[in-house]
Amino acid sequence: MQSSSERHEYPAHWEADVVLRDGGTARIRPITVDDAERLVSFYEQVSDESKYYRFFAPYPRLSAKDVHRFTHHDFVDRVGLAATIGGEFIATVRYDRIGADGLPASAPADEAEVAFLVQDAHQGRGVASALLEHIAAVARERGIRRFAAEVLPANSKMIKVFTDAGYTQKRSFEDGVVRLEFDLEPTDRSLAVQRAREQRAEARSVRRLLAPGSIAVVGTGRTPGGVGRSVLGNIREAGFTGSLYAVNRALPEGVKELDGVPAYRSVRDIDGPVDLAVVAVPAEYVPEVVTECGEHGVQGLVVISAGYAESGPDGRDRQRALVRHARAYGMRIIGPNAFGIINTSPDVRLNASLAPEMPRPGRIGLFAQSGAIGIALLSRLHRRGGGVTGVTGVSTFVSSGNRADVSGNDVLQYWYDDPDTDVVLMYLESIGNPRKFTRLARRTAAAKPLVVVQGARHGGAAPQGHAVRATRLPHATVSELLRQAGVIRVDTITELVDAGLLLARQPLPAGPRVAILGNSESLGLLTYDACLSEGLRPHPPLDLTTGASAEDFQAALSRALADDTCDSVVVTAIPAIGEASVGDAALAEALRSAAAAAPSKPVLVVHVELGGLAEALSAAASTAPQASSSGPGVAAGRGWVARPGAGGAPPPEGGPPAPTRAAPGGTTARGWEGHIPAYPAAERAVRALAEVVKYAQWRRDAAEPGKVPEYEDIDEKGAAELIGGLLARGQGLTLGTEETCELLGKYGISVHRALPAPTPDAAAAAARTLGYPVALKATAPHLRHRADLGGVRLDLADDEQLRRAYTELTELFGTPEELRPVVQRMAPRGVDTVVRTVIDPAAGAVLSFGLAGAASQLLGDTAHRLIPVTDREATSLIRSIRTAPLLFGWRGSTPVDTPALEELLLRVSRLVDDHPEVVAVTLEPVVVAPHGLSVLGASVRLAPPPARDDLGPRTLPVY
Numbered sequence: 003m004q005s006s007s008e009r010h011e012y013p014a015h016w017e018a019d020v021v022l023r024d025g026g027t028a029r030i031r032p033i034t035v036d037d038a039e040r041l042v043s044f045y046e047q048v049s050d051e052s053k054y055y056r057f058f059a060p061y062p063r064l065s066a067k068d069v070h071r072f073t074h075h076d077f078v079d080r081v082g083l084a085a086t087i088g089g090e091f092i093a094t095v096r097y098d099r100i101g102a103d104g105l106p107a108s109a110p111a112d113e114a115e116v117a118f119l120v121q122d123a124h125q126g127r128g129v130a131s132a133l134l135e136h137i138a139a140v141a142r143e144r145g146i147r148r149f150a151a152e153v154l155p156a157n158s159k160m161i162k163v164f165t166d167a168g169y170t171q172k173r174s175f176e177d178g179v180v181r182l183e184f185d186l187e188p189t190d191r192s193l194a195v196q197r198a199r200e201q202r203a204e205a206r207s208v209r210r211l212l213a214p215g216s217i218a219v220v221g222t223g224r225t226p227g228g229v230g231r232s233v234l235g236n237i238r239e240a241g242f243t244g245s246l247y248a249v250n251r252a253l254p255e256g257v258k259e260l261d262g263v264p265a266y267r268s269v270r271d272i273d274g275p276v277d278l279a280v281v282a283v284p285a286e287y288v289p290e291v292v293t294e295c296g297e298h299g300v301q302g303l304v305v306i307s308a309g310y311a312e313s314g315p316d317g318r319d320r321q322r323a324l325v326r327h328a329r330a331y332g333m334r335i336i337g338p339n340a341f342g343i344i345n346t347s348p349d350v351r352l353n354a355s356l357a358p359e360m361p362r363p364g365r366i367g368l369f370a371q372s373g374a375i376g377i378a379l380l381s382r383l384h385r386r387g388g389g390v391t392g393v394t395g396v397s398t399f400v401s402s403g404n405r406a407d408v409s410g411n412d413v414l415q416y417w418y419d420d421p422d423t424d425v426v427l428m429y430l431e432s433i434g435n436p437r438k439f440t441r442l443a444r445r446t447a448a449a450k451p452l453v454v455v456q457g458a459r460h461g462g463a464a465p466q467g468h469a470v471r472a473t474r475l476p477h478a479t480v481s482e483l484l485r486q487a488g489v490i491r492v493d494t495i496t497e498l499v500d501a502g503l504l505l506a507r508q509p510l511p512a513g514p515r516v517a518i519l520g521n522s523e524s525l526g527l528l529t530y531d532a533c534l535s536e537g538l539r540p541h542p543p544l545d546l547t548t549g550a551s552a553e554d555f556q557a558a559l560s561r562a563l564a565d566d567t568c569d570s571v572v573v574t575a576i577p578a579i580g581e582a583s584v585g586d587a588a589l590a591e592a593l594r595s596a597a598a599a600a601p602s603k604p605v606l607v608v609h610v611e612l613g614g615l616a617e618a619l620s621a622a623a624s625t626a627p628q629a630s631s632s633g634p635g636v637a638a639g640r641g642w643v644a645r646p647g648a649g650g651a652p653p654p655e656g657g658p659p660a661p662t663r664a665a666p667g668g669t670t671a672r673g674w675e676g677h678i679p680a681y682p683a684a685e686r687a688v689r690a691l692a693e694v695v696k697y698a699q700w701r702r703d704a705a706e707p708g709k710v711p712e713y714e715d716i717d718e719k720g721a722a723e724l725i726g727g728l729l730a731r732g733q734g735l736t737l738g739t740e741e742t743c744e745l746l747g748k749y750g751i752s753v754h755r756a757l758p759a760p761t762p763d764a765a766a767a768a769a770r771t772l773g774y775p776v777a778l779k780a781t782a783p784h785l786r787h788r789a790d791l792g793g794v795r796l797d798l799a800d801d802e803q804l805r806r807a808y809t810e811l812t813e814l815f816g817t818p819e820e821l822r823p824v825v826q827r828m829a830p831r832g833v834d835t836v837v838r839t840v841i842d843p844a845a846g847a848v849l850s851f852g853l854a855g856a857a858s859q860l861l862g863d864t865a866h867r868l869i870p871v872t873d874r875e876a877t878s879l880i881r882s883i884r885t886a887p888l889l890f891g892w893r894g895s896t897p898v899d900t901p902a903l904e905e906l907l908l909r910v911s912r913l914v915d916d917h918p919e920v921v922a923v924t925l926e927p928v929v930v931a932p933h934g935l936s937v938l939g940a941s942v943r944l945a946p947p948p949a950r951d952d953l954g955p956r957t958l959p960v961y
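In this note's numbering, the protein residues as written are 3 to 961.
It should be emphasised that the hints constitute simulated quantities derived from the structure, not laboratory data. Remember, it's a predicted structure, so these values are computed and weren't measured experimentally. Cβ coordinates follow ideal geometry from the N, Cα and C atoms, glycine included. Worth double-checking, as some hints may not be accurate.
[As the list claims (entries may be wrong)] Computed cross-link-like contacts, SDA-like style, restricted to lysine to any residue with a CA-CA straight-line distance of at most 25 angstroms: (1) K159 to R173; (2) K172 to G954; (3) K53 to P155; (4) K438 to A844; (5) K67 to D79; (6) K53 to R209; (7) K67 to Y12; (8) K438 to S174; (9) K162 to Y12; (10) K53 to G241; (11) K67 to R173; (12) K709 to A722; (13) K162 to E152; (14) K719 to S560; (15) K719 to R701; (16) K258 to R238; (17) K53 to R238.
[As the list claims (entries may be wrong)] Simulated restraints, written as ranges between beta carbons of each label pair: (18) G708 to P284: 51 to 59 angstroms; (19) K258 to K162: 22 to 30 angstroms; (20) D185 to S268: 50 to 58 angstroms; (21) D316 to D68: 40 to 48 angstroms; (22) P830 to P870: 42 to 50 angstroms; (23) P870 to D185: 51 to 59 angstroms; (24) D316 to R71: 39 to 47 angstroms; (25) D316 to L861: 42 to 50 angstroms; (26) P711 to E813: 44 to 52 angstroms; (27) P421 to G215: 16 to 24 angstroms; (28) V610 to V257: 34 to 42 angstroms.
Between the sequences and the hints, there should be enough to build the whole structure, so can you do that?
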C-alpha cells in the first residue's frame with residue numbers, strides 16, 4: 003500500500019481487525035490515495051437519507067474535489083479511517099483539527115471535528131462505535147484531546163453512538179443542529195462500555211461457530227476414511243439439527259451425495275447460506291477454500307488442516323496469511339491444526355471434531371489447546387461423569403490447535419454468560435494475552451468456577467505453533483496471579499477433572515471444616531492427614547467399623563451435615579465381606595438419601611474399588627420411579643451417587659418433593675442434578691475439596707472487594723515532574739541514591755540515609771552526622787544484602803568500634819574501592835523483608851513481597867499481586883507467604899507492625915500505578931519492627947512505559 007503522506011509515513015500500526023456487534027469481523031485501516039475508487043463505490047451504496055445526515059443536504063455523489071479531500075491525509079491534522087470487509091469499504095470516519103475559531107489548524111490546537119458515514123446494510127452492527135474507539139486513539143496519539151461533532155436531531159443512531167461511548171461530554175443545540183463535544187481521555191465509564199461491547203461481540207463470534215445453522219465440510223474424500231470424511235460422519239451421527247453439506251473439488255460428475263449428505267464440488271455451488279465451514283484439505287489448498295467461503299458469506303471456519311506454525315517459520319508465515327485472509331471476509335477461525343468443536347445442546351447436537359463419539363450432555367465447558375489432551379479430557383469425563391446416562395457431561399468443547407485466531411480468551415467471553423455452562427475447565431499450553439486473560443478470568447470466576455491446568459510449564463518456550471508474548475515472570479508467579487484472579491489452578495488433567503466434577507455437582511463449602519466418617523479407620527486417618535496437608539480443618543474421623551450397615555452410614559452422614567461446625571463431609575467406604583455386609587446399592591442409596599436432606603453442604607465419597615462398589619455407586623437406584631435409560635433422572639454413572647429427586651426424576655408417589663440443590667455459588671441452576679462425586683484415593687478427593695474451599699473463600703472476598711486508599715501526603719504531580727526531568731536524560735536509567743529517596747519521598751516512603759565511607763575518617767564523620775549507634779555495610783554487588791557473608795557490622799556505638807569494624811572488613815574482603823562501604827544509622831530491630839515491583843510486558847505491573855534472605859532467594863517464598871493493589875489484597879499478600887508466622891509472634895516473639903507494612907505496600911503500588919515509567923522498584927531490606935518500619939535500601943529504575951493494549955481500542959490480536 004502506498005503512502006500519501008505529506009508529513010508522515012503511512013501509520014501501519016493503526017491497522018486493526020475488530021469484532022463487530024454481531025460476531026463478524028472487519029478491518030480498520032487508514033484511508034490513502036489508492037482508495038479513490040473504493041470510496042466512490044462505497045458512497046454509491048449509501049442511501050440518500052444517510053448522505054443527507056452526513057452532509058446536512060442532498061448530496062447524491064462525490065465530486066472529484068471531494069474524493070481528493072477524503073483520500074489525501076497528512077495523518078496528523080487530517081486523518082481518515084475505513085472499516086473494510088472483503089477489501090471494500092463499509093464505513094468511514096475522519097477528523098480535521100480545528101482551532102478556537104473553528105477553522106483548520108495545526109498543533110498545538112487540541113480539538114478536532116469528527117464525522118462518520120456507515121453503509122446502510124451494515125448499520126446496527128456496531129461499526130461506528132468501533133471506528134470511534136480507533137479514531138479517538140489516533141487523535142490522542144496526535145495530541146488531540148477533544149472531539150466536536152455536529153449532528154442533525156433526526157440522526158438518532160449517530161447521536162447514540164456518541165452519547166453511549168462513555169466519554170465526558172457537553173451537548174448543545176443551535177441553528178437546528180445538535181453539537182456534541184467530548185474529551186477523549188478514557189474514563190472508567192468509557193472503559194466499562196468498551197469492555198462490555200468487547201464481551202458481547204466476542205461471545206457472539208464464538209456462538210456463531212458453536213451453534214451454526216448450516217455446515218459445509220470441505221475436503222471429504224470420495225472413499226471412506228480420511229480426516230474430512232471422518233468429521234462429516236461424526237457430524238451426521240451426532241444428529242446435527244441444521245443443514246449439512248459435503249464438499250470435494252474432485253467429486254465425479256453426477257455424484258450428488260456422500261454418506262447420504264448432499265455433496266458439491268465447491269462451496270460456491272451450495273444453494274443457500276453456509277454458517278460454518280470445516281476445512282480438512284492440504285494446507286496449500288486452504289487459501290482457495292477461504293476465498294470460496296468468504297465470497298459465499300460463510301461466517302466462520304474450523305481448520306483441521308495441519309502444516310502451519312507447528313511446522314516451522316514457513317508455516318508460521320502461512321498461518322498469519324490464513325488469518326489475514328479469513329478476517330478480510332469477516333470470518334473467524336478455530337485452528338489451524340485443530341481437533342474440532344462440540345456442542346451437546348439438543349438444539350444443535352454438533353460434533354465437528356475428530357472425536358468418534360459425541361460426549362454426554364452436561365454443564366461443563368471444556369477448552370483444550372492440544373487435541374491429544376482434549377481426547378484425554380473427554381475420555382475421563384465420559385468415564386467419571388456417567389456410565390449409564392451421563393448426568394455429568396460437556397456443554398461445549400473447543401480444541402483450538404494453534405489458536406491463530408480464536409483463543410481461550412474468546413471462549414471465556416462466550417462461557418461467561420452462557421446459560422448452559424456452570425463450570426469451565428481449560429487446558430492451556432500458552433496464554434497469548436495474560437493481562438486480558440486475567441481480567442476475563444476474574445470476571446468469569448465471580449460468576450462460575452474456572453479450573454485451569456497449564457502445560458509446557460518448564461519448557462522455557464511455547465509449543466510449536468503458538469505465538470505468545472514474552473514474559474519474564476516464572477511460572478509460579480503466573481500461577482499465583484491467576485489464583486488472585488479467582489482461577490482454580492491445578493497441575494494435572496486428573497486434578498482438572500476431579501475438581502470439575504465436584505464443582506459441577508456440589509455446592510460451594512462455607513469454610514474449611516471437614517467431617518470424616520466411614521467404615522475404615524485406616525482410610526479415615528489417611529483422609530484426615532490429607533486434609534491437614536492441604537490446609538483444611540478436619541474433625542477427628544468417625545469410625546463406623548466394618549460392620550456398619552447402610553442405616554449407620556445414613557444416620558452418621560445426617561448428623562454430620564446437621565452439625566454447624568462442619569462445612570463439608572468426606573465419606574470413606576471399603577467393601578465389606580460376609581453375609582451381614584452392607585450391600586453396595588443399599589449403601590449408595592443411604593448416602594443419597596442423607597445428602598438430599600441437607601443440600602447446602604458438599605459431600606464426597608472415597609472408595610476402595612473391590613468388586614462392584616464403584617458400579618453400585620454409579621448405578622445406585624433411587625426410591626423415585628426411574629426414567630428410561632436415555633432420559634433424565636437415571637442414576638449417575640461410574641463414580642457417582644445420584645441424590646433422590648435430582649435431574650428431573652419425580653419424588654416417590656405421595657411424598658414431598660426433594661429439596662432443590664444449590665448450584666455452585668449458591669444459586670439454583672437449570673439441570674442441577676445433585677450427584678455425589680466418588681474418588682478412588684483420599685488424596686485426590688481432599689485435593690479437589692481444598693481447591694474448592696479456597697475458591698469459595700475467594701468468591702466471598704470478591705463479593706466485598708477492597709479499595710485503593712487515598713493518601714493526602716502523596717505528591718503525584720511533583721513525582722510526575724521529577725520523572726519527566728529524569729527521563730529527559732535518556733531512555734532508561736537506574737536512579738542514584740538521592741534521586742531514589744526524593745522520588746519515594748513524594749509518595750510518603752522514607753528511606754534511611756546511607757552515607758558513603760571511602761576511608762575510616764569519612765566513616766567516623768558520617769557516623770557523627772547520623773548519630774550513633776550505626777551500621778557499617780559493604781555495598782559491593784557480591785556482598786550487598788549478604789549479612790551471612792559477614793559484610794555487615796551492626797550496633798557500632800562509637801568511633802573506636804566503627805574504626806575497628808572498618809579495619810576488619812577491609813582485611814577480610816579487600817580495599818574500600820572494592821567494598822564500597824556505607825554508614826547507616828541503626829534502625830529498630832525487627833523482621834527483615836523485601837518489597838519489589840516489576841512491569842512485565844505480558845502480565846503488567848506486579849507487586850512482590852517476602853522475607854529478606856534465604857526465605858525468598860533460596861526457597862522462593864514470595865507472594866505476588868497485580869497492581870493496583872487494594873487494602874484487602876495488601877493484607878492477604880503479607881499473610882500468604884509460608885514464613886508469615888514470623889511477622890505475627892511465632893514461638894513467643896513480639897508481633898511486628900503489619901499495618902505499617904500494608905501501608906508501605908499500598909504506597910509502592912500507587913507509585914507504580916500512577917507512573918508506569920517506574921518500571922522497577924526494590925526496597926531491601928525493609929525492617930518491620932513492633933512499632934513502625936525502616937526502609938534501609940532502595941533502588942528505582944525508570945524507562946518509557948510499555949504499551950498497554952488493554953487501555954486502547956478493541957482489536958483482535960495478531961500472533
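Compare the distance between the alpha carbons of K159 and R173 with 25 angstroms, and conclude whether the hinted pair is satisfied.
holds (16 angstroms)
Tell me if the straight-line CA distance from K709 to A722 falls inside 25 angstroms.
The hint holds at about 23 angstroms.
Holds or violated: K162 and Y12, Cα atoms, limit 25 angstroms.
violated (32 angstroms)
Consistency of beta-carbon spacing, L861 to D316, with hint 42 to 50 angstroms
Since the Cβ atoms of D316 and L861 sit about 45 angstroms apart, the hinted range of 42 to 50 angstroms holds.
When you check the alpha-carbon spacing of K67 and D79, does it fall within 25 angstroms?
holds (19 angstroms)
Starting from the range 42 to 50 angstroms, see whether the pair P830 and P870 falls in it by beta-carbon distance.
violated (30 angstroms)
Hint consistency between K258 and R238 [alpha-carbon to alpha-carbon, up to 25 angstroms]:
holds (16 angstroms)
Take the C-alpha atoms of K719 and R701, compute the straight-line distance between them, and say whether it is at most 25 angstroms.
Roughly 37 angstroms between the alpha carbons, so the hint for K719 and R701 is violated.
Would you check the hint for K53 and R209, treating anything up to 25 angstroms between C-alpha atoms as holding?
With Cα atoms ~34 angstroms apart, K53 and R209 exceed 25 angstroms; violated.
Distance restraint hint 34 to 42 angstroms, applied to the beta-carbon atoms of V610 and V257:
The hinted range 34 to 42 angstroms is violated for V610 and V257, with Cβ atoms some 58 angstroms apart.
Between the alpha carbons of K67 and R173, is the straight-line distance 25 angstroms or under?
violated (32 angstroms)
Restraint check for K162 with E152, where alpha carbons must lie at most 25 angstroms apart:
holds (13 angstroms)
Of the numbered hints listed earlier, those contradicted by the structure are 6, 8, 9, 10, 11, 14, 15, 17, 19, 22, 23, 28.
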